[in-house]
Amino acid sequence: MSSLPGPASPSERYRASAERAAEAKTYLGGFLRSLAFELDDFQREACLSLQAGRGVLVAAPTGAGKTIVGEFAIYLALQRGLKAFYTTPIKALSNQKYSELADKYGADRVGLLTGDTSINGDAPVVVMTTEVLRNMLYADSSTLADLGFVVMDEVHYLADRFRGAVWEEVIIHLPSEVQVASLSATVSNAEEFGAWLDTVRGQTDVIVSEHRPVPLWQHVMVGRKIVDLFAGDTTFDEIAPAAGSAQAAATVASATVATADTGSRPGFEVNPELLSMARAESQMNFRGRFGHGGRNQRRQRHQHSQRDDAQQSGQRSPVRKASRPQVIASLDRQDLLPAITFIFSRAGCDAAVAQCVAAGLWLTTEQEQLIIARRVDEAAQDIPPDDLDVLGFWSWRDGLLRGLAAHHAGMLPTFKEVVEKLFVDGLVKAVFATETLALGVNMPARSVVLEKLDKFNGEAHVNITAGEYTQLTGRAGRRGIDVEGHAVVLWQPGTDPASVAGLASRRTYPLNSSFRPTYNMSINLVAQFGRARAREILESSFAQFQADRSVVGLAKQVRSREESLAGFSKAMSCHLGDFTEYSRIRRALTDTEKNASRTSSRARKTVTEDSLSRLQPGDVVDVPSGKAPGLAVVLSSDHHSREPRPAVMTLDNQLRRIGTQDVEGPLAPITRVRIPKSFNAKVPKSRRDLASSVRNALRENRPPAPPSRNDDFGRAAALPDQEKKIAELRRELRAHPCHGCSEREDHARWSERYWKLRQETDGLVRQIQGRTNTIAKTFDRVCGVLSSYGYLETSDAGVPAISPDGQRLRRIYGEKDLLISQSLRLGAFSDLDAAEVAALASVLVYQAKREDRGLRPKMPSVSLESAVDIVVQEWSALEDIEEANKLPLTGEPELGLVWPIFKWAKGRHLQDVLSGTDLAAGDFVRWVKQVIDLLDQLAKIPSLDPRLARLCGDAIKLIKRGVVAYSSVA
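Under this note's numbering, the first residue of the sequence shown carries the number 762, and numbering increases by one thereafter.
Bear in mind the hints are in silico, worked out from the structure with no lab data behind them.
Any given hint could turn out to be false.
Taking lysine-lysine pairs in the DSS-like style, the calculated list, with each CA pair at most 30 angstroms apart, reads [to be verified]: (1) K1485 with K1355; (2) K986 with K1082; (3) K1647 with K1538; (4) K852 with K1213; (5) K1718 with K1701; (6) K1355 with K1647; (7) K1486 with K1355; (8) K1388 with K1619; (9) K1213 with K1355; (10) K1701 with K852.
A quick note: this is a predicted structure, and the numbers were derived from the prediction, not measured.
Put together the whole structure using the sequences plus the hints.
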């Protein structure tokens, strides 16, 4: 046990005084004098590295104060007469950082560049989204002159599968003399990421801190009672050993194992009260499922559980879950506000505010209400009065006056900014937010509440990861304000306290690259460096760095497994014959039988898909399951898709698409109705009339139309051949000498182990082959597609060259870059006016949620209909080429924003524009700004037809108005 240090000796005091005096004369000394607080050790270490001319990677928990390192980089740049760029992943964070830096250094010295906003772009300090900097690098912008420092905030975002590659592009292409300060959430492979930065950027210091300046306590809210998660006084730091430390794995294991033995690791055991609650709930559900009771009692229990919203999972609990107003009231009583409650649903966030308002909850004083009212009214004064109702302004304002607010991407950006500022100032006390708030927007709270520990990721409901849990709960505890922060998980039926403890204690958040060469990236690299050098540059990506490192470990595994295989081979030898051959026959028989079963399943799926593709408008079907079970009428067929999803309307007037997941076999019409030509699915009366027609047809027992094809189409044509092969293999097996061996089954067990290990080893070998030069191989395939389209050419001397069309592609940034370029090339924009140009641009930008994809709407004009046809046909051809080249497929053009954008460009009111759509006002504004960004890109292409460039500019003027043009950033 170490003793406390004694008083410093005179020589030590003198040395410390001399060091302070020397530091005071440095840039860091000047920076420290501008601060009202002392730096933490990790902050000081990072600042010293920057001052010494090295890059830094700073990984620390949310709220630990990483951004002070970025601010020192800006200070250094200004002191040395250089420029500094501060990059962020989202516009909201850029806007917030711009406001902070403008207040500190003056608006004349700070600029802001996002996709739709440009303020003082030539200033010595510019805040921007990372994509803007990437575009500057490829365009060789003059703004890059005298750039000395780049701060990359939230750099762990490079793991994002959609946008993460941009961060790597920037890191690779920044001039070598630029110092990079990378700020990251705590990641478990910071050293690996730092080693890559060291390789591509030069000397880079990795500085990791797991310490939270404000202790974080973990709780579970059981009913209205807040219970500690751990049995002892355990904070974040105690359950979070330093990243990469030897004790990390042991600590995690001990923290997640829930046992009654509290003596083994005092303070790290799950609270026994929670474990008792879980056991009681488990016993209740066991008795409910397997206990006594007649059929009627069980049916009643089942029906009751279906009605009870809290019991939808089928689980019952002795605890009555607290309502949202009760949760906030409990936090208020225990002085745990302000709080952020994370709800993984926009509608849930809005509903939570409405529920608290309906419950009569007030969290503000009269004086606070006056301040809130003044600031809200000031923020809304530039919003057109006609738009306030459709924006939900009055209910939003009422919630704010009570200290309540939602925060999600569907809100108007202005509204979100007001919520953020009021919350930071302590005027709003309870915010209900989606997980996007945890991305970096500065909104710390005293407490964070998690309603659930699972979320919908766009495809399925999945549990949140330990990294996501850490990111969300990291908002709890305001530095300099709170003595401690609190993370609260709401008890749900089926909650496992040990699993919650595992999330709270685990710090496994690996940073994995999502980098892949895109069309725009590839053609820019070839244009700047030539194909051979471009290939080398891509090999320096973090993705390839990680792949190469993993190959070393895989090769070691292969060597070890080959030794085991030799031992297995010896153990399965048989004195009667070649048991390896006998084993091969056995495996062939097993595989053939499995294939026969799979073929039968595929045949059933083929028949089902065929029946869906044959459905015609007017067919009435009975959908057995899925989102819309029951009777429905087909509105549009889907003949050409690989997986047909015809659009239907249910008898309760809901519009849906049905697919193979909704049916258990072939779906045949049970009757048929005629759909009037005047039918409009957006008009409620049309839907009601059609539903009435369906009911009449069912009552009259009208027969369906005769099927156009036999119902047995495609059914298991290959099965007879497979059955013949199975019989042959069985005869071969019985005739083999080893079949009569008395130790046959012992040999067979060793053989199974051998073949299983052989398969795994061969898989590892394939992984090694696949990971070697993976990025370069993808680049070659991308270049092959570009060459096939004529974007890349080869000169007479055999040197790759960029065609005029290729030069145009270099200036188009977006997920559909090649499709946009092809649309220009094929004249899709040629015969359009400004409003139609904006509408067509939306087709190339908008991404609808899968469940929101409906029928193809009729276009506003004939010329726009023709333009959309060109885009869709070109996308279909491009998708075939990408599939043949094993490249990620370009997203399908989406038509759901065409009418709203067209109406907006024609000057219609926001209420008219959003009427009949599922778009929230905030979503509409966000998508319009992305359309503006694309139109701006097109207008600036040097070789673009001047008329089209002028139309793009006119289109921007038409749609950049009202709530779209208004921004609180000034």
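Hints versus structure:
Among the hinted pairs, K1485 with K1355 is consistent with the structure: their alpha-carbon atoms are about 14 angstroms apart, no more than 30 angstroms. Restraint check for K986 and K1082: satisfied, since their Cα atoms lie roughly 10 angstroms apart, inside the 30 angstroms limit. About 11 angstroms separates the Cα atoms of K1647 and K1538, which keeps this hinted pair within 30 angstroms; it holds. Between K852 and K1213 the alpha-carbon distance is near 28 angstroms, which keeps this suggested pair within the 30 angstroms criterion.
The suggested pairing of K1718 with K1701 holds, with an alpha-carbon distance near 15 angstroms, which does not exceed 30 angstroms. Between the alpha carbons of K1355 and K1647 the distance comes to roughly 28 angstroms, so the proposed pair stays at or under 30 angstroms and holds. Under the criterion of a C-alpha separation no larger than 30 angstroms, the hint pairing K1486 with K1355 is consistent with the structure, at around 13 angstroms. Note on K1388 and K1619: the hinted pairing holds, with a Cα-Cα distance of about 26 angstroms set against a maximum of 30 angstroms.
Taken as a hint, the K1213 and K1355 pair is broken in the structure, with Cα atoms around 40 angstroms apart against an allowance of 30 angstroms. Only pairs whose Cα atoms come within 30 angstroms are accepted, and K1701 paired with K852 is accepted, the gap being roughly 22 angstroms.
Going through the hint list in order, the structure does not satisfy hint 9, though it satisfies all others.
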